[in-house]
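Q: For reference, the chains in residue letters:
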Amino acid sequence: MLANTGTAAARRTQPVTVEVVGSITLTWQGDPSRGCAAEGLCGVNGSLQMLPSGEESSSPGPPFIEVADQTSVARVIETSGATETTCADLVPVDFTFTIRPQSTGGLLAVAGSGASQSLPSAGRCAGPTAGDLAALALPARKLGSRGYDLSGQTSFGAGPFMVTAISTARAVFTQGFSFLPGINVGVGSASSGSLSTTVGHPVPTPKLPVEFEENAQVNYRIEGLTGALTTSFSALDPPLCEPVGACGTTGTLSQSFSAGGMLSFSGFRFVKHRVGARAALAALRAGRLDLLTSFDGVPIEETAAETLAGPNGAACSDQSKVGPLTGQSNVTRRHQLELQLIGNGEAGPYGPAGADPFRTRCPGPSAADVLGNAPLAAASISVSSIGARSLRLTFRAGGAFTGSAYAGQRGGSVVLSLAYAGASAGTHRFPVPRIPVLGP
Amino acid sequence: MRRARLLALLVAVIGAALLVPALAGAQASQGLTLSGTGDATVLSTRTIAAHLTGQLTVAFHGDAASGCASRGLCGYSGTVSWRPPPNGQIEVVTSRVHGHLSYSVSLLPAGSTSFEGFSGGVTTASVQLSPLAPSVASSCLDATATGQSLTLPVRDGRVAFTLAGASPSLLQTRCAGPLAGDVTPELPVPTLPLAAVLRGHTSVPISASTTFASGGFAGTVSSSLVVALGRPGAAQRARNLRVPGIREVQVLYRATVSGSIVEDISGAGDAGTCAPLGSCGLSGTVTLAPHATGVAATLNALGSARTTDADLLAAVGLSTHGRARGILSTGGVTWAGGTTTAELEQGTTSCTDSAPLGQGFILLGAGGGHLVAEEAAGLGATTGRTRCPGPAATNAGPLATGEIALNRLAHRTVTLALTTGAAFSDDGYDVRTIPHLTITLTRVRVRRVHLLLSDASVSSGIISTS
Chain A
1 MLANTGTAAA RRTQPVTVEV VGSITLTWQG DPSRGCAAEG LCGVNGSLQM
51 LPSGEESSSP GPPFIEVADQ TSVARVIETS GATETTCADL VPVDFTFTIR
101 PQSTGGLLAV AGSGASQSLP SAGRCAGPTA GDLAALALPA RKLGSRGYDL
151 SGQTSFGAGP FMVTAISTAR AVFTQGFSFL PGINVGVGSA SSGSLSTTVG
201 HPVPTPKLPV EFEENAQVNY RIEGLTGALT TSFSALDPPL CEPVGACGTT
251 GTLSQSFSAG GMLSFSGFRF VKHRVGARAA LAALRAGRLD LLTSFDGVPI
301 EETAAETLAG PNGAACSDQS KVGPLTGQSN VTRRHQLELQ LIGNGEAGPY
351 GPAGADPFRT RCPGPSAADV LGNAPLAAAS ISVSSIGARS LRLTFRAGGA
401 FTGSAYAGQR GGSVVLSLAY AGASAGTHRF PVPRIPVLGP
Chain B
1 MRRARLLALL VAVIGAALLV PALAGAQASQ GLTLSGTGDA TVLSTRTIAA
51 HLTGQLTVAF HGDAASGCAS RGLCGYSGTV SWRPPPNGQI EVVTSRVHGH
101 LSYSVSLLPA GSTSFEGFSG GVTTASVQLS PLAPSVASSC LDATATGQSL
151 TLPVRDGRVA FTLAGASPSL LQTRCAGPLA GDVTPELPVP TLPLAAVLRG
201 HTSVPISAST TFASGGFAGT VSSSLVVALG RPGAAQRARN LRVPGIREVQ
251 VLYRATVSGS IVEDISGAGD AGTCAPLGSC GLSGTVTLAP HATGVAATLN
301 ALGSARTTDA DLLAAVGLST HGRARGILST GGVTWAGGTT TAELEQGTTS
351 CTDSAPLGQG FILLGAGGGH LVAEEAAGLG ATTGRTRCPG PAATNAGPLA
401 TGEIALNRLA HRTVTLALTT GAAFSDDGYD VRTIPHLTIT LTRVRVRRVH
451 LLLSDASVSS GIISTS
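Chains A and B, in that order, give the protein sequences.
Per this note's numbering, residue 1 is the first one in the first sequence, and the count goes up by one each step.
Per this note's numbering, residue 1 is the first one in the second sequence, and the count goes up by one each step.
These aren't lab readings, by the way, just hints derived from the structure by calculation.
In this text, a Cβ means the ideal position worked out from N, Cα and C, and glycines have one as well.
Some clues are possibly wrong.
Claimed, not checked - Facing chain B, from chain A, some residues (calculated, C-beta under 7 Å):
#	residue
1	SER23
2	THR27
3	ASP89
4	PRO239
5	LEU240
Claimed, not checked - Label pairs and their calculated CB-CB ranges:
#	chain 1	residue 1	chain 2	residue 2	range
6	A	PHE173	B	ILE434	29 to 37 Å
7	A	SER385	B	SER102	54 to 62 Å
8	A	TYR420	B	TYR103	57 to 65 Å
9	B	LEU43	A	ARG278	49 to 57 Å
10	A	SER103	B	ALA305	55 to 63 Å
11	A	ARG100	B	LEU43	54 to 62 Å
12	B	ALA160	A	LEU292	45 to 53 Å
13	A	GLU301	B	ARG448	54 to 62 Å
14	A	HIS428	B	ALA305	33 to 41 Å
15	A	LEU292	B	THR211	51 to 59 Å
16	B	GLN359	A	ARG392	55 to 63 Å
17	A	PHE430	B	ALA305	25 to 33 Å
Stated by the list, open to error - Here are some chain B residues the structure puts well away from chain A; computed CB gaps all over 10 Å:
#	residue
18	THR94
19	LEU108
20	SER149
21	PRO188
22	THR256
23	VAL295
24	SER319
25	HIS321
So here's chain B without its partners, still in its complex pose (with noise of 0.2 Å):
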């Protein structure tokens, strides 16, 4: 159900970051009044094509002077690298935010065309531990596809060039390893003019060669990175169309996340799928605990021409006289916050830490008379990795379910509990949910929007809402 849920959490996730600002400027209400479209305008995206070339290479080993004892860290050492692939783009996305402009910079590894399989650069890691055991020798190996996107902060009118902002993280695998976070704050983050960034044809070195000490690791951090900027594409201004025949409705809360996912590991029972992996015997738990206040939450319903205002507002729960059946329901919640802590064990070693939880969604859909509810931490996100070795979660399905009837969104609050768990397997290990975590929302407003389609994004296949 890859492509499906990957459709509703792209309109979801859109849906999400158009709302904040709209969410900002609300007032709570009781009513149902449909009001008018939202706040936040995009102008124009201007996309530089951009030649990547070098490296990014960490080479490192359990540090006892930075806390690898209290970890379990200090049996591991090993070698953790970065490649970009050849050819991507810089995207500057003009907006208008309160009638200010603002700038979002990305630096798309490969493009915009990566929807489908997540690419971006490889991360290759190469890790051992030892003593596992007087006579057994564990290796780690491991290749991800990482670095999809690269967020380039703007201040001060200037382009960071900063290998912090990446999703999925660069330095994300399976195997034990720093954290990003560990290393970026040693390398150099060269910055450029906006202005020179949109004309195109210079180069941008993000070269090092250092150490680094953090998270109970120690070790070089090397990178030959340089992204070369070429030929500026024509600006694509945001004549935004409406799409004819479909009308809209989108209801806005806010949402508090709170409780936790706990992942039961298990090594690969089979010594052909572990042993790559490094991961036979090896137990325990890994807890992702959300924590999110007063976020943007969104649940759109989208029918046709004929379809009414009752309709559209059965629906998402808010009327009993509408027809909801042939209306598409969903919305999401989207977050940042929250801790991953792993606690496991594989012979004579355990190994514990912490980390940011990092992006969380929660997927909303109605219907059938119930609402849905799936965390989404399968489909491409930061599911919340250690410096501990384990499982990459990229191809698992929900790791928690829940659902209310659809009539209890009625309530200006409605509390969800997502207490349905899964079980997955991902290279060398196998993975059981038990998942004990709520969500609560709160109405702010229901609006009547366009379904627009963007000049500047019909390239990228997106649809957006206003």
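Okay, chain A solo, but in the shape it has when bound (with noise of 0.2 Å):
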């Protein structure tokens, strides 16, 4: 959104614009007080240090305290006996704070959890996963109406890891968004990186045409979701394994799941007539209209355990909880529906930079290494058994896999079992964009 104009339509929809400067650094070490011998991390030292500084977002509600670091780096060293293992990795970070008063007095900044958040993590190296680092909290002091002090130094425990925050980062707000001195310009989706640019005085919105759209949406209540996802995985040859620090290392990784909520299918398409909801049901099954799987009621969360032996006699084992996942559907052919079990988050160079559903806090690979653009299991129905009393859904995977540090082989299983709950259908009138408006 943009606005540069003297208007006093523009000055009450003028953003408040958040800028984030100054840095968080991230370190843990393993901590015998908190279980790190029966993993075999207690050797682990990282660290990780986000500088949002120049970030900025804009957003024309209550302002929200962005940090997106694309270039940050967790950097980590094992001692194991005489042995050091060196590991690096890039993880890109794009989260926000949420101010919220203490119980004891006084703010805390919160960072976000959710399906949009790429929150800090180990990436490939051993250390907390994103799910760990979610609980980081900084303490918060306001500076009047110009934003908050974030700086300080925290410390709290991520299963077998001591973590220590120390930030000096500040959130300030400027109201607009000038790159340059009287110089406005906006930025559309900041997680899509889309660019708009608007000149001039803001377009009156327009009347747009209206048409008939025929709707049908048939609820599932989900009973169970059983089975589990395995892969198997080895280092590559060196110098392949080498930047993570993987060679000699083989390892499993397990993956069961749990949801409840409600599933939805519904599909829709534009008529020239009102149609009833019988003939729309019809339509959904029969494949006529445009179907559409929401997985949004839908808190699919996982548990991946993880064994992993290396050379010298190094083992790591540790289990973690992965969510939300989500999903999506795709018509695959006339008739037949795909659902894809998907990872978490927005895309980063490797894939999906949030909770990554590969990750534990041993080393091993990511889901980039595993999955490459892939989901992490698909399922396929038939349209027609859409409005059945039950359904059963078996999610497969499988395959072999050579990512850039690891390679190995997928299999199994699970099974999400839906109860029909309901339906409804018809028609409703819905106004129809033309074409985007640029200008005046």
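Each chain sits in its own coordinate frame; assemble them with the hints.
A: Put into structure tokens, the structure is as follows:
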């Protein structure tokens, strides 16, 4: 969004710009009092520094504090006896802090969680997962109306690690969004990188033509999600294994899942005349509507259990919760609907940068190594079966993979059991924008 | 302010790129007559899917025979490797320049959606310095985002698959190590006919296992990289669509850039931050000395349909009659030339090295009665790394800033001094810049241009001027 006019309307909608400056450094060490010995992680020392200087986010609503550093690096030195292994991995971060009052008085900046957050983590190195570091919270002090001071030091436990965060960060609020004096420009979706620029006066909202939309939705209650996906892996030969210190390691990863809530199959299409509910449902089952499966109300939680064996008898085992995962659907061919379980977060250079469904606190391959651009698992059903009293969807994973440091094999399946919970259908009027308007 | 600056940078860079042929043919003039459109026309863009595998690995050590002693590099040894992301694309842009067809070919390791995060490949380095002191070991561990795009030269109808034209450079990290230019001459450069590239469905191995000795380092270079071309996409013809409701005026300049930016560098004071980079106790300077004469520069003013020529000219300092309010005026200077020199000390070790500066950008923006210039090295540009260790400055703001009154642009030749520095932190380093940079702009032409949305560039969100 962009406003550089002097009109009252523009002033009313002028966004607040939040610029986060300074740095946030996370360090972690295996902590005997937190059980690092049992997991084989006592020799781990790691760090990651986030330098959001210059990042700026802008929104017309309440300001949110975004920390984004596409070049942050996890650096880990793991000592086992006389052997020292080093690992460095690029871990892009992009998450928001929410300011909350503390029960003991004062304010706390709490790291966000959820599908759109790319939280810091140890990447493919040994260390805390993104889920662990969702516990990051910094002391916050208000700087009048000019922002928040987030500087300070805090420590917290993350599985077998003790994490220390040292912050010199400040969130600075300003009105408008200018890169140089007198110049206001707008950047559209921050996550997609798309750009929009408006020059001159705001455009009046055009009156949109109206069409009829035939729609149908069938809801299912999730009864269970059973089974497990398995991944066995081993490090590639030197030098490919060296950057992440993986040479000589082998391991297995088991992924099991739990889910609740409702899964909805919905479809729509534009029609010339109103259509009854029965006809719309029939059109859905006949594959005549554009189908969409909504996983929005389906919090899928994953438990990843990894065991890793390294050279000289080194071993590591860990179990981590990952979530929420999500799903998507595609009509692969007529009357067949493919549903996919996918990882979390926005795509970084090597795939999902958020809560990686393949990462635990042990070193190991990432989702990008194992999946590339493929889904975690996929199931297929006939569109005509939508509306049955019960459905069983079998999500399968399989095949060999070769990543940048690891190679291996996948297998296993999970079964999603669904029970019919009702349907709705009909026609409603829908305003249709014709073309984007770029200027007056 | 990074994203806003990136937008301005994008506009400036594209503008400057399209300017070069127009500038070459322009006649110097004192007048303000608005003239016609430019001479370079993009005809089509074609992309071919590319699957990338393998890795480039360089193992190195200080080498007396190639001059490590004079540079202070004898104590360094380590491994640096670049790995590409699995899926990218080849982009072939066909243009007409002065009536002749011209082809530019790029390998985009992460495809064309890499604007936001500069994503490309990843370079990882593990470097040791010994002996720093009898009881102190120093090691540097780093990973950087590199190789966002690789320019593949086209000569005599053949496309050369070289790693030399990568940006950012494939071996660029914060650790000491060889420059890409030290090792790429040892790598094979396979070529394919352009027609074969456009057909896709072929593999190009860039495999090597060889040695190198250059710039104070020697070692081995091994590459298992393979670019597997997949299915070609349909050619996107560049049917440029005029963006309605926007008027634009472009001022073309010849520019000279001289002077220097001195980066005063010290290892971070916190051991937790400096130890992984091996930068504890390090101090010294890195001097960026650009050298550019007669390069293209531009300043564009964009206004709504109601904006008059006088308004647009006022926004670029060439009229006192119009109203500049509400007009977006940005531009820039781009060049490739100059030197980076590092002079660093750490304990008993001192490192002194020089390397080409690489590409430089200065953003120009007019507003509030001033013309502001920012040296934009922190916007993902190559910031002048040498073989010595040092910060990457990828998250830095402008390293140098300066401004003058906008009405000074009424003179045909105007000089800007960029003397305001900046301070920033990078992983393991604290940096303060001391700039003494000078730009001289000589106005060549003022022309009316149309903001175009090219069919071929819609997918990548590129707005161009023509």
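Q: Has the hinted range 51 to 59 Å been met by the Cβ atoms of LEU292 (chain A) and THR211 (chain B)?
A: Check passed, 57 Å falls within 51 to 59 Å.
Q: Evaluate the given range 54 to 62 Å for the C-beta pair formed by GLU301 (chain A) and ARG448 (chain B).
A: 60 Å, holds
Q: Per the hint of 45 to 53 Å, is the separation of the Cβ atoms of ALA160 (chain B) and LEU292 (chain A) within bounds?
A: 46 Å, holds
Q: Is THR256 (chain B) truly not at the interface, in the sense that its beta carbon sits beyond 10 Å from all beta carbons of chain A?
A: THR256 (chain B) is indeed farther than 10 Å from all Cβ atoms of chain A, at 22 Å.
Q: Please confirm whether SER319 (chain B) is truly not at the interface, meaning its C-beta sits more than 10 Å away from all C-beta atoms of chain A.
A: Non-interface label on SER319 (chain B) holds, nearest chain A Cβ at 16 Å vs cutoff 10 Å.
Q: For the restraint on PRO239 (chain A), tell me whether the closest CB of chain B is nearer than 7 Å.
A: Holds: closest Cβ of chain B sits about 4 Å from PRO239 (chain A), inside 7 Å.
Q: A range of 54 to 62 Å was offered for this pair. Does it hold for the Cβ distance of SER385 (chain A) and SER102 (chain B)?
A: Holds - the Cβ-Cβ distance for SER385 (chain A) and SER102 (chain B), about 56 Å, lies within 54 to 62 Å.
Q: Is it true that the C-beta distance of HIS428 (chain A) to ALA305 (chain B) lies inside 33 to 41 Å, as the hint says?
A: At roughly 37 Å between Cβ atoms, ALA305 (chain B) and HIS428 (chain A) fall inside 33 to 41 Å, so the hint holds.
Q: Would you say the C-beta atoms of LEU43 (chain B) and ARG278 (chain A) sit inside 49 to 57 Å of each other?
A: At 54 Å between Cβs, range holds.
Q: Measuring from beta carbon to beta carbon, are GLN359 (chain B) and ARG392 (chain A) in 55 to 63 Å?
A: Holds - the Cβ-Cβ distance for GLN359 (chain B) and ARG392 (chain A), about 58 Å, lies within 55 to 63 Å.
Q: Would you say the C-beta atoms of PHE430 (chain A) and ALA305 (chain B) sit inside 25 to 33 Å of each other?
A: Holds, at about 31 Å.
Q: Given the hint of 57 to 65 Å, is the C-beta distance from TYR420 (chain A) to TYR103 (chain B) inside that range or not?
A: 59 Å, holds
The structure meets every hint from the earlier list without exception.
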